Amino acid sequence: MMDRRRLLSRVTIALSGGIAALVGVPIVGYLLAPLVRPLPVDYVDVGSADAFHTGETTLVKFRDPSPLPWAGQLAETALWVRRRGETGDDAFQVFSVHCTHLGCPVNWRAEAGIFLCPCHGGVFYADGTVAGGPPERPLFERAWKIDGGRLLVKAQPLPTVQTKGS
Amino acid sequence: MRTVLRWFAERLELEDSVLAVLRHPVPAALERRIGWWYVFGSATLGVFLVQIATGVGLAMTYVPAPNSAYDTLQFISHDATLGGVVRGIHYWGAGAMVVLVLIHMSQVFLFGAYKYPREINWLSGSVLLLATLAMAFTGQLLRWDQDAFWAIVVAAEQAARAPILGDWLAKLVIAGQNVGGATLTRFYATHVFLIPAAMFGLLGLHLYLVVKRGISEPPEPGDRVHPSTYRERYAQLLRRGIPFYPDAAYRDAIVAFAAVVIVTVLALVVGAPELGKPADPTVVVADPKPDWYFLGYFSLLALIPRQAESVVIIGLPTFAVLYLFALPILFPAGERHWSRRPAAIAVVAIPFVAYAALTLAAYTPTWVPVLAADARVPDAVTRTLSEDERRGAQLFVGKSCFACHRIEGAGGRRGPDLSDVGARIPRDRIVQRILTGGGGAMPAYGGSMSPRDLEDLVAFLETRTGR
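Chains A and B, in that order, are what the protein sequence lines are.
Using our numbering, read the first sequence as starting at 698 and increasing by one per residue.
Using our numbering, read the second sequence as starting at 3 and increasing by one per residue.
Just to be clear, a hint being listed does not mean it is correct.
[As the list claims (entries may be wrong)] Calculated from the model, a selection of chain A residues having no Cβ within reach of chain B, i.e. all distances over 10 Å:
#	residue
1	Val708
2	Glu773
3	Asp786
4	Gln790
[To be verified] Reference excerpt, derived from the structure (chain A facing chain B, CB under 7 Å, subset only):
#	residue
5	Pro731
6	Leu736
7	Pro737
8	Tyr740
9	Gln770
10	Thr774
11	Leu813
12	Pro815
13	His817
14	Pro831
15	Glu833
16	Pro835
17	Pro854
18	Gln859
[Unchecked claim] Here are the computed lysine-lysine pairs in the DSS-like style, where the Cα-Cα straight-line distance is at most 27 Å:
#	chain 1	residue 1	chain 2	residue 2
19	A	Lys758	A	Lys842
20	A	Lys861	A	Lys851
21	A	Lys861	A	Lys842
22	B	Lys279	A	Lys758
23	B	Lys291	A	Lys758
24	A	Lys758	A	Lys851
These are calculated hints, taken from the structure and not from any lab test.
The structure presented is a predicted model; accordingly, all values stated were derived computationally and were not measured.
Every residue, glycine too, gets a C-beta built ideally from N, C-alpha and C.
Chain A extracted, bound-state conformation:
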């Protein structure tokens, strides 16, 4: 049979652990919740499809689908939109601005027809395939669709090496 002192010791430890759990569970849940919260919309409107001209690659800026009220300029985001044709499933290519090497912003060099990354010199062709430098995979592509003459782009988290597809 457990003696009184040992019992009191265990009760003290258990109560201390209970305090930690009572406070810890909500705090950890509160901190981790944003990591698993899904994006609120499937597709984001980035502009009229007619505004993109065939043969051109354009930086399109648009509002994040769910910015926090105090996000300021971070409520805005950007993508590269390449128009390849007037109609069809391959009329557009929509690229993330993030280099697939380490995420720096790639620059479109229209005259050269390449994307260049300023950080470590990654180079991509107009269709997003790797042309040179450290990147191993093509530019991250986003799914898109036309609805009522508007170009809608699939909402996605920050693309990383874990991002599937493209």
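Given the coordinates of chain A, assemble chain B onto it according to the supplied hints.
Chain B alone, transformed into the frame defined by chain A:
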């Protein structure tokens, strides 16, 4: 005055607490010149206290919200009375802490002071090193300029490379699905509450053990640590010891004072770096770079072979951390003197030299393309060219050749210098290289260059004979 002090000292029991700790005995050998090697821990602590004081000052004004952080930091830097100095001390203090903690750890390592019975001193110090680096990194992000924004993205991308947990770690870094409103507040809370709280706890443990276990005696060649006899020998040593305060502490005070003076002078003379443009995810013209003590790592990411990238990004830090933690467990006994441990000297010297070389490389990076909007081939080159050749020179810039190749001292360094390409390489090989690319870095222009453009570009390159 003395009476008042004595009154307080008695009521606060200082004789048994603070003064007893300050006067705890340390090996008499510390009175010799070698004692000057034992000062870097105190100097690190001194600068840490400076960081707390200046950090609290900065937090009085800094607003950790994406739409205010940049403006409040500009206010601190340029409008607040002495704000620029306080920020400058905080900036240079961060660099000083990184340097001092590395020197301190190198000294402890080379003196074999991590061995029995001071293993936990070493382990707590190792975590403090990681915390110092984390403080330095999170502090840079609070500037909330373009460098800070893209550094967060790069950090998340690197975290994502971790096996299994990569996706979670990346989201943890940016506090959600994308860099947004929550990211800055998380980094702020991490920088001013979370890591400092951990550091206070670890420092308490570290200093408690320094006093309780005693400062390690300077090693002698051949004087090996035997766990079964060490503590008795050390106790004997302390019977002939000297009080830490003031016999040894005055040196700590001198070096800590010098460190703080250097930090303050740098803050006054050089100041903190000007902020870049405000963080804006839609501005893709950026050239993000970390602060000087992380530049070596930045270089490493550019120079490692593509195939080894994930191994280096994840494997190298993991190995370094495991090495730090495993060291006192694997080697708790034996020889302490550096002259009998040549491998230990190599373990310190090789990373230091390599990192210094990588840091230097970052100041003249060969891998960064020249993307300036006003980039142009020097007038001295184009002045004597024919019309077609001059058009070729314009194409050289327009097609972004200039971003990676130099001509007469201007242009990028990623590819070979082409100042004498006309003399070195025959025309057909120049044409072939332009059309098919190669070398792992150069794109093939075969699909995007007209015959006339190719003709003019090659004509221009053929004029570059180095004469």
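Each hint tested on the structure:
{"no.": "1", "hint": "Val708", "in the structure": "holds, 26 Å"}
{"no.": "2", "hint": "Glu773", "in the structure": "violated, 5 Å"}
{"no.": "3", "hint": "Asp786", "in the structure": "holds, 22 Å"}
{"no.": "4", "hint": "Gln790", "in the structure": "holds, 16 Å"}
{"no.": "5", "hint": "Pro731", "in the structure": "holds, 4 Å"}
{"no.": "6", "hint": "Leu736", "in the structure": "holds, 6 Å"}
{"no.": "7", "hint": "Pro737", "in the structure": "violated, 10 Å"}
{"no.": "8", "hint": "Tyr740", "in the structure": "violated, 15 Å"}
{"no.": "9", "hint": "Gln770", "in the structure": "holds, 5 Å"}
{"no.": "10", "hint": "Thr774", "in the structure": "holds, 5 Å"}
{"no.": "11", "hint": "Leu813", "in the structure": "holds, 5 Å"}
{"no.": "12", "hint": "Pro815", "in the structure": "holds, 5 Å"}
{"no.": "13", "hint": "His817", "in the structure": "holds, 4 Å"}
{"no.": "14", "hint": "Pro831", "in the structure": "holds, 5 Å"}
{"no.": "15", "hint": "Glu833", "in the structure": "holds, 6 Å"}
{"no.": "16", "hint": "Pro835", "in the structure": "violated, 13 Å"}
{"no.": "17", "hint": "Pro854", "in the structure": "holds, 4 Å"}
{"no.": "18", "hint": "Gln859", "in the structure": "holds, 4 Å"}
{"no.": "19", "hint": "A:Lys758 - A:Lys842", "in the structure": "holds, 17 Å"}
{"no.": "20", "hint": "A:Lys861 - A:Lys851", "in the structure": "holds, 14 Å"}
{"no.": "21", "hint": "A:Lys861 - A:Lys842", "in the structure": "holds, 19 Å"}
{"no.": "22", "hint": "B:Lys279 - A:Lys758", "in the structure": "holds, 18 Å"}
{"no.": "23", "hint": "B:Lys291 - A:Lys758", "in the structure": "holds, 24 Å"}
{"no.": "24", "hint": "A:Lys758 - A:Lys851", "in the structure": "holds, 14 Å"}
Checked against the numbered hints above, the structure breaks hints 2, 7, 8, 16 and satisfies the rest.
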